[in-house]
Structure formats: C-alpha cells, structure tokens
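Got chain S sorted already, so can you dock chain A onto it with the hints?
First to last, the sequence lines map onto chains S and A.
Those letters in the first sequence? Residues 1 to 196, per the numbering used here, in order.
Those letters in the second sequence? Residues 1 to 184, per the numbering used here, in order.
Calculated directly from the structure, the hints in this document are not laboratory data.
Any given hint might turn out to be false.
Computed list of lysine-lysine pairs in DSS-like fashion (alpha-carbon distance at most 25 Å, straight line) [what the hints assert, rightly or not]:
| # | chain 1 | residue 1 | chain 2 | residue 2 |
| --- | --- | --- | --- | --- |
| 1 | A | K25 | S | K93 |
| 2 | S | K68 | A | K25 |
| 3 | S | K151 | S | K14 |
| 4 | A | K25 | S | K94 |
Covered stretches of chain S, as calculated for chain A (at least 3 residues, CB under 8 Å) [claimed, not checked]:
| # | region |
| --- | --- |
| 5 | 51-62 |
| 6 | 85-94 |
| 7 | 178-187 |
Note that the structure is a prediction, hence the values are computed from the model and not measured.
Yeah, the Cβ is synthetic: ideal placement off N, Cα and C, and Gly gets one too.
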Amino acid sequence: MARDFSLNRREAVKALLVDRGDLLVVTGLGSSSYDVFDAGEHPGNFYLWGAMGGAAMVGLGLALAQPKRPVAIVTGDGEQLMGIGSLLTIAVKKPGNLTIVVLDNGHFGETGMQISHTGLGARLDVIATGAGLRSVTEITEMKDITDFRHKLQSIGDGPRLARIRIASGHLERALPPRDGVFLKNRFRENLGLPVT
Amino acid sequence: MDDVAIKDDARIGQGWPFQIYKTLKEFGVAQISYVPDAGHSQLIELSHDDRAIQTTVLTTEEEGVALSTGAWLGGDRAVLLMQSSGVGNCVNMFSLAASCRLPFLTLVTMRGEWAEFNPWQIPMGKATSQALEIMGVTVLRLDRPEDAEEVVSAACSLAFESDQQVAVLISQRMLGRKKWTETR
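The following block holds chain S by itself, in its conformation from the complex:
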C-alpha cells in the first residue's frame, strides 16, 4: 500500500523543511499552514488563513520579486484544485526558483473530510505535466522526501511540483499567527525591506 495516501503529514513537512537555508515558504490555508508552523516557526514563512486558491500565485509574485531566493508553496490538494489555473500561469512564466508542494490526502480535511477530486481519481501530477511545469515529482515514501529536499534550494531549474501523498487521519491543530499585517511586516523585515 506504499502508493496510497499514507505518509504522516507533519513528519513529511518537517523532513522537507529541515535545513531550509534561504528558503521562503508560502502556505495554503488550513492544515498545510499548521504543518509548516509545526515544522518550525520562521520569519520567512507566510501563512495564508484565507484566499483559498491563491497560495501558488502568492508564491509566484514572491518568486518573481526575489529571483535569487528559493521559494516554496506548501499547500493541500483542495487549495491547489481551487487555483488549478495558476499551474498554467506558473508554467508559462517559468520561475526557476519556485517549487509547489501539494500535500495530497484526497480529501477536504478542514471541512468534514469530504473526498476531493484527487481522491476521486484526478491526477494532479498529470495536470501539472500537461500545464507545462518543468519538473513533477510523485512522493510516496519518506526516503523520497530526503531525495527531493535539495531541489527546494535550487533557483535555476523550476518551476517544480511535488505531490506528497499523505494520510488523512486527524492531527492536533498547531495554529500559526493569524494577524495578516504582522505576518506581512515580519516577512518583509526578514528580507530587509522597509516596514511602514
């Protein structure tokens, strides 16, 4: 059953972000934000608490503004599905420093565990390839994460998408700060930008 939705999402994200270096991270609303927060609070994290479907595009705007920094979006299948067109927009813009990580449990986890389109058979990896993303990786085991992790540091051969198949079991919530102005100012300050 290794190819099923089986990885522990917290362990997977923690393994992904260990030794993150210069990496800037944008998270999609819901459990993905909790996972990244639980992996280690960082001023280079920008957590979305709303704007469903927007995480990948926030990541693109950031990647274009900071071409020398690697940027990762960590989001869920439901959030990415709502912004599915952004895969096309990112693919044609070709930001070399951008990676989209989709934590795919095949469910809408925040809202009662309804089965999502990926749980019903839609193939995000095929969609991403069809959109024209340069690199698409399927991750089903923890050792795959260790193999993939170094690609997050690359600023030259993106955009990449990694689909990590995670289990859909209940986990204790880990809640990052919710004040958008605080998160914005902290993020900009960390980049040495004026905070006015």
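Just chain A now, kept in the frame of chain S:
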C-alpha cells in the same frame, strides 16, 4: 533597456495608455499581470516590451490579486489589468489585501456602461463599482484621456504610499464603440 518601447513606438505615441505606462514606471511598478482586454492592449504590449517589468498573463483575474500580494511581500510594486467582468471573480481574493493591509492597484476597463452592444456585459458592468467597494477597495474614475496621468498617479500614491486597495475604472466612453461588423 526599459526605455526602448517609449522611444521606438510612434504608433502608441502620447495616447492615454502610454501616459498610464509612464506613470506606472515613475512609481517603480515592477510587475504587471493581466487578463487581456482590448482596451488594455497597448499597455499590455508596452509592459511585455519592457524588460524591467515582469509581465504575467493570468487564466483568471483573482490570480492577479494573489500575485500582487506575493510581489509586495518580496518588495515589488505590482498592478493588475482587467476588464470589469473580471472584478466579480476577485471578490474573495480581495480579503488578502484587506487582511494584510497590502497596497493593491488594479486598472479596470469598463464594459456594459456606454454604447454597449452585448447585453451579457451589462450586469457585471453595473455592479463593478459596488463589488469593489463592498470589499473595501477605493474606486477612482478615469473618464477623460487627458486625466490619465493625474488619476493613475493619485491611485499609485494611495496604493503604494498609503497601503490602500485601489481600482481605477477606465470609462468605456474612452475606449470607443466596439466594432461588431466589418461593414455597416
């Protein structure tokens, strides 16, 4: 060479799209995203020709709201170009700019308000201003070509210097009647 487009394109000359482009440059706009509209076509062309501006074509308008957010987080000023029909697509995404008190500027070419031929454009055209205002976006009108620089400059100041969300609605009257038949 970001000035090439200014010098070489006599066709675009000193029209209002060029005035808007020049004003955006003066305010240091570094990213422009768009869902195409005939009324924005010259500005889109100028943007694509300018290597100092990252120009991004979108599949739907709300992508541009999120893109502008990321741009600002990374230190870039961004502008979203769209038609009035796209404003409705953006409503929930405007939460980003409001929640984070982010500068946001969109330039919206109007449909459904002046000599409109297509009745399907009317409902969203009539609701455009209200759809922006209910989400806290300040609405400015650009009704005369000679006001382009002044209005866009005011909008840039409000957005980028006062952290406001601002839309400039460009009158359909400025865009002229859409030609639906080759001979009439």
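Results for each hint:
no.: 1; hint: A/K25 - S/K93; in the structure: holds, 21 Å
no.: 2; hint: S/K68 - A/K25; in the structure: holds, 23 Å
no.: 3; hint: S/K151 - S/K14; in the structure: holds, 16 Å
no.: 4; hint: A/K25 - S/K94; in the structure: holds, 24 Å
no.: 5; hint: 51-62; in the structure: holds (count 12)
no.: 6; hint: 85-94; in the structure: holds (count 6)
no.: 7; hint: 178-187; in the structure: holds (count 5)
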